[in-house]
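> Residue-level listing of the chains:
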Amino acid sequence: MTSDRLSSWIAGLRAGGHVPMAEHRAALDEAARQAIAGVPADALPLRLPKRRVADLVRCPRLAVASAGAGPAVPSVPLVMGRLAELGAHIVVLGAIDAAVLVSPDDLLRAVESAGRALADPLAAAAERFDDTARANAADDLADRVGQLARSWVRSPARWVRCEERFDVPLATAVGGAPAVVVSGRVDVSFGAPPLLRPAGEPRGVVELKSTRLPLDPIEESAWYALLAGLVEGVAPDGTALWAPDEGGPNSVGRLAAFPVSKASIVSAASRLEDAMVVAGELAAGAKPAERPGWWCAACPDRAVCPSSEGSDDLAVPDLLELASSLDDQPDGDDDAF
Amino acid sequence: MPSDWVGEARRVFLPLAMRVGGGFVRVDAHTVGRMDECPARAGFSDWTGWDAAKARRQLTLAVLHRHKDGTTDLAAAALDVADELAAEGNAGAARPRVGDWLASLDRAGRAMAAREAGWWAAAVAGSLTRPLGRSQVITDGSVRWQPDRDTGLTLTAPLDVVRGGLLLVSAAGPPGPSDRHRAGAAALLWALLRREAAEVVVVHPTSRVRVRMRVDEALLQESFDAYAAAATALVQAAIGAEPAARLPGRWCGGCPLLADCPEGQDWCATHPRWVGGLPLRA
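Protein sequence lines correspond, in order, to chains A and B.
Residues in the first sequence are numbered consecutively from 0, following numbering that gives the first Met the number 0.
Residues in the second sequence are numbered consecutively from 0, following numbering that gives the first Met the number 0.
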């Protein structure tokens with residue numbers, strides 16, 4: 000982890016990693032075929048966004064409970080996370096004046112406007128804050144988005160897009176539909192599509208965290224490299240995670256950047272295979288196993304799951320990571336268009 | 000199988016159009032494709048106005064229309080095009096089109112519309128085997144046919160780009176059986192405009208998958224039959240002759256009609272619910 004700017008990392012990124020994905024895709028197709036053996040057709044396709052993959056690997060009961068939970072209650076941390084995300088996207092897309100960035104109230108209004116354009120209920124919740132909460136939200140937002148703006152300044156990236164969506168259909172079920180669909184969204188994606196990309200132009204993806212970096216950024220960055228690579232046929236040249244920090248008014252946040260290697264792709268693919276096996280077993284009727292851990296604190300079944308008793312005593316790798324994971328919204332399954 | 004598709008379509012759809020008269024019944028491909036599940040749900044419109052996701056396709060097509068040479072950074076162009084459309088739009092329009100909606104937004108709001116179009120445009124471009132060049136971009140994203148222009152019955156289907164006899168349709172989500180329906184819908188309505196298509200390519204930008212489908216009589220007939228059945232049901236419901244049938248199934252869980260649908264409620268109470276393949280407890 001460094002205090003480098005995102006723009007510096009992008010400027011230094013070189014094309015040419017070119018980890019080919021055909022072999023990994025073939026292996027995942029085969030794993031998907033095996034995972035759905037015994038799964039009723041009504042249950043297909045198995046849909047595996049990032050959050051569900053993580054839940055399935057941690058605890059099958061957590062995965063089922065989380066899938067059945069309703070929309071998240073718009074708590075202040077959740078709302079602030081969404082506002083910070085939207086503010087970051089406005090900055091990355093170059094749609095905000097410097098004057099707005101130094102005026103917390105103007106910034107909050109701009110971000111709320113962005114939320115209205117998206118019909119985003121979480122962002123809309125900020126409009127119901129009282130005056131004190133709004134003032135706090137504006138200051139908090141100005142701090143987080145300001146750090147991103149200082150990190151992104153004069154980015155040399157081309158074809159910058161935000162919230163790019165990836166779907167990876169795996170294997171084929173009866174009727175021609177995919178057996179498994181792995182999906183995800185990337186906060187920042189850059190580099191032209193392969194047909195239109197000049198030689199030497201790098202391809203990279205960046206995940207922006209609204210509070211802090213996760214404890215294991217390598218695992219998370221490998222996930223995005225796998226996803227983009229499976230869709231595009233070649234893995235990106237680099238991945239990075241960025242988060243604000245406590246560094247004060249001139250901070251540029253924290254950056255964790257990683258090259259994409261065959262080993263990182265293998266690791267992420269292996270994790271996905273594990274998740275597919277568990278999802279297939281559950282879809283075929285297996286009783287969800289209970290594997291208590293620090294994640295019990297955020298499990299919707301916490302109050303009724305016998306295994307969660309005493310989970311408060313289990314090792315929590317990093318309370319801050321827990322806060323960060325709670326801050327994330329699960330990836331949706333919708334196909335809005 | 001008919002070789003005169005226009006004549007056959009007028010024979011089947013004109014009586015329906017006469018029943019609609021000055022009313023308005025739109026039979027779109029999405030609705031047609033869902034009639035096999037539940038006609039009541041398929042015919043129900045939950046449109047509440049534009050948002051960035053709903054504007055994504057049309058704004059993308061505006062971007063592609065302006066930049067067909069294959070050298071422009073389409074993601075960066077999306078915000079400029081959103082600004083241009085907003086400048087031409089009317090924020091107070093009673094029935095706003097996408098440009099009117101963009102005109103009602105400030106720059107941050109338009110940035111979110113551009114955010115959606117930016118990645119979609121890049122993904123569509125990334126799904127093509129060569130730049131659009133002289134292709135015709137259908138900027139409103141659809142092909143329409145009316146059996147009679149003085150009545151309110153309209154058949155529509157998504158259509159993005161035409162290049163010679165090749166039609167291109169972009170579709171959300173992963174590839175699957177509905178691609179044949181998408182291709183057939185575009186090819187049929189294109190044929191009803193007395194234009195020829197030899198092949199339809201359905202591109203799935205989020206997965207970069209391209210599905211090619213040759214246009215033949217079987218594809219057109221399937222689509223014709225599906226539109227005829229859907230139009231009949233929708234017109235009957237619209238004029239109050241026969242309410243749309245309610246067919247419960249796994250789609251009931253998220254249906255906006257569920258609160259007023261005893262059949263759907265009963266189905267939900269007696270069947271397991273699946274979310275992404277995971278069975279939830281009843």
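Mixed in with the good hints, there may be bad ones.
Some, not all, of what chain B presents toward chain A, calculated at C-beta under 8 Å [as the list claims (entries may be wrong)]:
# : residue
1 : Ala107
2 : Gly108
3 : Trp118
4 : Gly175
5 : Arg207
6 : Ala237
Derived by calculation from the structure, the hints in this document are not laboratory data.
All C-beta atoms, glycine included, are put in the ideal place defined by N, C-alpha and C.
> Next step is simple, just say for each hint if it's right about the structure.
Verification of the hints:
Restraint check, alanine 107(B) versus chain A: the minimum CB separation of about 4 Å is within 8 Å; hint holds. With 8 Å as the threshold, the beta carbon of glycine 108(B) comes within range of chain A, its nearest partner Cβ sitting at about 4 Å, so the hint holds. Hint status for tryptophan 118(B) relative to chain A: holds, with the closest Cβ pair at about 4 Å, below 8 Å. Against a cut-off of 8 Å between C-beta atoms, the interface hint on glycine 175(B) holds, since the closest Cβ of chain A lies about 4 Å away.
At a threshold of 8 Å, the smallest CB-CB gap from arginine 207(B) to chain A is about 5 Å, leaving the interface hint in force. Residue-level restraint check for alanine 237(B) is violated (minimum Cβ-Cβ distance to chain A is 25 Å; threshold 8 Å).
Of the numbered hints given earlier, the model fails hint 6 alone.
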